[in-house]
Each structure stands twice: as structure tokens, then as C-alpha cells.
Amino acid sequence: MEKEIIDLEVKDFSFRYAGASADSLKKINLPIIKNKVTALIGPSGCGKTTLLRSLNRIHDLYPGNEYRGEVNFEGRNILSADEDLIHLRTRIGMIFQKPTAFPMSIYENIAYGLKLQGIKDKTVLSGRIEKALKGGALWGEVKERLNDEADALSGGQQQRLCISRAIAVEPEIILFDEPTSALDPISTEAIEKLIMELKDEVTIVIVTHNMQQAQRISDYTAFMYLGDLIEYGETDKIFNNPDEELTKQYISGQFG
Amino acid sequence: MSSYALKERVFHHLTKFFAFLVLFFLVAIFVVLLVKAYPAIEAFGFDFLTDEKWAPNLGIFGGFPAIYGSFISTLIAMLLAVPVAIGIAIFLSEVAPSRLKSPMGVSIELLAAIPSVVYGMWGLFYFAPLMRDLVGGNGLGLFTAGFILSLMILPFIAAITRDSLNTTPQILKESAYALGATKWDVIKDVMIPYAKAGIIGSVILALGRAFGETMAVTFVMGNVHNVPDSIFQAATSIPATLANEFNEADTELYYSSLFFLALILFIISFAIISLAKFHFLKRRKKVSDRKHKWHKLVKQWRRK
Ligand SMILES: Nc1ncnc2c1ncn2[C@@H]1O[C@H](COP(=O)(O)OP(=O)(O)OP(=O)(O)O)[C@@H](O)[C@H]1O
Ligand SMILES: [Mg+2]
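Keeping their order, the protein sequence lines are chains A and B. At position 59 of the first sequence (counting the first as 1) the number is 59 in the working numbering, and the numbers step up by one without a gap. At position 236 of the second sequence (counting the first as 1) the number is 236 in the working numbering, and the numbers step up by one without a gap.
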């Protein structure tokens with residue numbers, strides 16, 4: 001087996017929402033392996049989204065949330081107060097549960113992140129946009145109508161647009177929060193295929209409620225329950241031969 | 001006929017009646033204005049719109065000073081109010097700490113509820129003397145009126161713009177932040193485009209309000225039929241003229257000329273409101289066009 005590189009390391013990480021009386025995440029330890037897909041699974045309310053949103057510190061948009069512990073990435077603890085969040089978010093992208101195309105053209109949607117980085121040159125932009133749309137498996141469907149409004153696309157196409165938009169800025173990691181839960185089976189298949197292709201270029205963390213999906217696309221799986229990380233390991237092992245009784249019960253559908 | 005069906009029919013006709021009543025009043029007001037204004041229309045025709053002389057004792061009536069005063073004072077009000085109001089709305093929706101948002105938001109709404117006569121009194125007793133000390137003259141005039149009007153419409157634009165900005169879905173804002181956008185990027189590139197229809201609508205409605213405003217303007221305009229060289233000199237507006245001069249209208253032509261002015265005000269206000277309506281309609285049509293496009297895509301896809 002090739003050598004595993006830890007891209008991002010969650011260490012003794014606890015999280016508490018503003019005004020909450022208990023931690024929503026309790027001393028989580030989790031390695032995120034470079035160029036692999038790591039799935040976060042667990043019953044509703046166990047803290048999957050909370051963990052994911054800590055990794056690009058999108059929680060910081062709302063005041064009063066509390067981080068403890070470490071999340072190490074590119075040689076530093078990104079939880080430190082002086083972390084440059086704008087830069088961090090260009091390195092760690094995020095895809096949401098619902099497609100979130102901006103109210104602009106397809107072209108402008110992809111160009112947006114690039115323009116934020118100060119890229120203005122038309123030919124550079126066009127090249128990067130084509131590359132991103134090809135990477136997002138959308139190019140063939142939209143190359144004739146890049147100037148159409150993005151919300152004229154179907155839901156599945158919009159989600160691939162969002163993925164293209166995220167990869168356009170060439171991040172190191174992309175975080176997916178249930179990216180297919182609002183999509184039909186065919187669009188879901190397209191996105192799953194895309195995620196497996198993307199891991200050559202980026203590291204992927206995906207939250208999913210769909211056990212089959214986790215098995216199909218992920219290399220590593222972390223099972224969470226009530227804010228604890230119960231078990232982490234290779235996906236095959238978690239689903240076929242877990243160490244913990246709780247994991248076994250969850251994957252066999254006895255609760256959740 | 002069952003009693004249910006009867007009730008249904010009575011209700012139907014009753015509501016229809018009230019709806020038509022509104023239409024009837026609208027038409028009736030227009031007709032009354034037209035009839036009463038007719039002698040003046042006959043006497044002056046379209047020249048009324050451009051004639052500068054208003055000399056009741058000579059039987060000469062030109063509407064230009066009042067029309068000009070209405071437009072310029074409204075223009076000044078919009079230029080002063082719109083940028084500030086949008087700034088306040090942005091601050092309240094995305095920048096202010098949450099403990100400030102609600103008290104400041106409520107204050108803005110309270111300001112919007114102050115009757116215009118109070119703005120007018122404040123303008124006459126506090127702002128006009130200030131203007132007199134600053135630029136000379138008697139302190140009354142187009143700028144003073146424009147300034148008071150801007151204070152009056154500012155909270156209105158700010159409150160509606162803030163509400164429109166707040167309708168931006170949180171997840172859309174988060175998506176922009178997740179690409180490395182700053183707060184200002186999100187405001188400018190996501191929230192303002194998203195809220196554009198609401199912002200423009202509020203500006204047009206405020207325009208209508210400023211244009212027809214009577215009390216606040218009457219107090220501070222100076223009320224002379226004059227096309228001044230500078231915005232710091234006394235002038236008049238259509239509503240101010242109407243409020244001031246009906247008592248003095250001792251000839252039929254004078255009386256009728258005032259009605260002519262009222263007719264012009266009615267038409268311009270109607271046009272402004274129609275513009276706002278048209279703007280919203282166009283917007284809605286665009287959305288349904290998009291839905292249409294989407295259906296077409298689905299059909300194409302099914303055919304494959
Ligand atoms: N904004 C918030 N403020 C306070 N508590 C919150 C907030 N969001 C989530 N929580 C709490 O944190 C815990 C974890 O929620 P989280 O959304 O991370 O769960 P999840 O595993 O993503 O669930 P689901 O599968 O339903 O999406 C829950 O108990 C939830 O009630
Ligand atoms: Mg969740």
C-alpha cells in the first residue's frame with residue numbers, strides 16, 4: 001500500500017455552540033488522509049455537520065461558538081485566533097446540502113472565487129473556468145451557454161456547478177455535507193462518480209446518511225454518536241468487521 | 001339554491017362590489033380633477049407646464065415653478081437619502097453586532113412612523129435657522145425642503161432595504177464565505193443582487209411619497225412661485241401650492257389652475273407607482289421564464 005499522508009489532523013477537538021450548556025463535539029481525534037475520501041456517518045444530531053463546519057471555521061460567521069483542542073493543517077493549528085480565515089477557506093472548500101448557485105451566469109459563478117483572488121485576466125479566467133467545469137463533469141452540458149443564468153440548470157447540474165466552483169480555486173481539501181440528499185438517483189450517481197475522480201487532486205471529507213454511498217465512495221469512515229467519535233478506520237473494516245458494538249448496531253440499521 | 005351556495009354568491013358579489021368601488025373612486029377622482037381643471041386647460045393648454053409666471057392678480061397662471069420645485073426638492077431628497085439609507089440597511093443586516101441590530105432596527109421603524117407635519121415643524125424651527133446662519137437668506141427653500149424630505153423617506157428606504165437584504169438565504173451567504181469572500185464581498189456580490197428588486201421598489205415608493213409630500217414641504221419651502229437661481233432660495237412645490245392657495249382662489253381661473261396642478265400631481269404620482277408595479281411584474285415574469293426554461297430542460301432530458 002502507498003504511504004498515507006495526514007492532510008489534516010483533528011486532535012482532542014471539542015466544540016460548543018454559543019449559549020449551549022454542553023459540548024456538541026467531545027475530544028474528537030481524527031486524521032484526514034491526503035487524496036482519500038473520508039466519510040462521516042452517524043445518526044441525526046451526532047455532530048457530523050458541526051465537525052465539518054469546524055474544519056473551514058464557517059462557524060465563525062456566528063458569534064460566541066467555542067473551539068478547544070487542535071486542528072492541524074499545513075503546519076499550523078487553524079483554530080488559533082490569528083488564523084487568516086479568508087485564506088483558509090480558499091484552501092478548504094465546502095459543498096452544501098442544497099445547491100447554492102449564485103444569482104449570476106454559469107460563467108460568473110465559476111469566475112467568482114477566482115476574481116476574489118484577484119485573477120482578472122480574461123484568457124486566464126476562461127482557461128481556469130473550462131478546466132473547473134471539466135473537473136466538475138459539467139463542461140459538455142454547459143459549454144454552449146456559459147452566459148445563461150445558473151438557476152436555469154437542474155438541481156444536479158447546479159450541484160456540479162457548485163463543485164466546479166469549489167475546485168476552480170484549487171483547494172487542498174473539499175468538505176461535502178450530504179451533497180446528494182436533495183438530488184435524484186441519476187444526479188446522485190454522477191456526483192458520486194465525480195467525487196471518486198476528484199480525489200486524485202483533492203482530499204475529500206463527506207458527511208452522508210446513506211450507508212451504501214459511504215461504502216461505494218469512501219476509503220475511510222468515521223462513525224460518530226452523540227458528539228463522540230466512536231470508531232474510525234478503513235471503510236471496509238468499519239462496515240464488515242467493526243470493533244465497537246455501537247458501530248455494528250448502527251451499520252446494521254438497528255438505530256439511527 | 002342551498003343556503004351555502006347563496007352565501008357563497010352573496011359573498012362573491014359583495015367582494016366584487018368593493019373591488020369595483022375602489023376602481024370607481026379612482027376614475028371619479030380623475031374625472032373631477034379633469035372637469036375642474038378644464039377652464040385652465042382651455043386657457044393655457046400645455047404652455048401651463050412651462051410658463052414661469054404665476055400672477056393671480058393679473059389672471060396669469062404658469063405651473064412651471066411648482067412643478068420644478070417638486071422635481072428638484074424630490075431629486076435632492078433622493079440624492080441625500082438613498083445612499084445613506086442603503087448604508088444603514090447594510091449595517092443593520094450584516095455588519096452590526098446582534099445586540100445593536102434589534103434596538104436600532106426598531107428606532108428606524110419608529111422614525112418611519114413620525115407624521116410628516118412633525119418633520120415640517122422641526123425643519124422650520126430648527127433646520128431652517130441653521131441653514132440661514134450657514135448660507136444666508138431666510139433659510140427656506142429647495143435644499144431645506146429636500147433635506148427634510150430626505151429625513152422623512154430615509155427610514156422607509158432603510159427599513160425595506162434591510163428586510164430585503166435579510167431575505168438572502170443564509171446558505172447562499174455561507175457559500176460565498178466558503179470560497180474566501182470577505183463580509184464586504186458577500187454584501188456586494190450576493191446580498192445586494194439578491195435584494196435588488198426590493199431595494200429598487202422601496203426607492204420608487206419613497207420617490208412617490210416625497211413627490212406628493214405636502215405638510216413637511218409647505219413648512220420649509222418658502223412658498224413663492226419662483227424658479228430660483230440657487231437651491232438655497234425659496235420656491236414652491238405642487239402640494240405646497242395647493243395647501244396654501246385654495247383659500248385665496250377668488251377667480252374661476254385661479255381655482256381651476258390649482259386643479260390643473262392637482263391633475264398633474266395625480267398623473268405623475270400615478271406614473272411613479274405604475275413604474276414600481278411594472279418593475280415588480282417584470283421581475284416576476286423573469287422568474288417564471290426561468291421555470292419555463294427548466295421545464296424545457298426536463299422535457300429534453302426525458303426525450304433522450
Ligand atoms: N446553531 C446551533 N446552535 C446550537 N446547537 C446546535 C446548532 N446546530 C446544531 N446544534 C446541535 O449540535 C448537535 C449536532 O448537530 P449537527 O447539526 O452537527 O448534527 P448532524 O450529525 O449533522 O445531524 P444531521 O444528520 O441531522 O444533519 C445537535 O445536538 C444539534 O442540536
Ligand atoms: Mg448535518
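Calculated directly from the structure, the hints in this document are not laboratory data. All values derive from a computational prediction rather than experimental measurement. Mixed in with the good hints, there may be bad ones.
[Claimed, not checked] Among the chain B residues that face chain A by a calculated CB cut under 7 Å, a handful are:
hint: 1; residue: Thr167
hint: 2; residue: Ile171
hint: 3; residue: Glu174
hint: 4; residue: Ile231
[Said to hold, decoys possible] Negatives, chain A to chain B, calculated, CB over 12 Å:
hint: 5; residue: Ala20
hint: 6; residue: Arg57
hint: 7; residue: Asp84
hint: 8; residue: Glu108
hint: 9; residue: Lys122
hint: 10; residue: Lys193
hint: 11; residue: Asn210
hint: 12; residue: Glu234
hint: 13; residue: Lys248
Beta carbons: idealized from backbone N, C-alpha and C, even for Gly.
Okay, the hints, checked on the actual structure:
no.	hint	result
1	Thr167	violated (12 Å)
2	Ile171	holds (5 Å)
3	Glu174	holds (6 Å)
4	Ile231	violated (39 Å)
5	Ala20	holds (16 Å)
6	Arg57	violated (10 Å)
7	Asp84	violated (10 Å)
8	Glu108	violated (9 Å)
9	Lys122	holds (19 Å)
10	Lys193	holds (18 Å)
11	Asn210	holds (21 Å)
12	Glu234	holds (29 Å)
13	Lys248	holds (35 Å)
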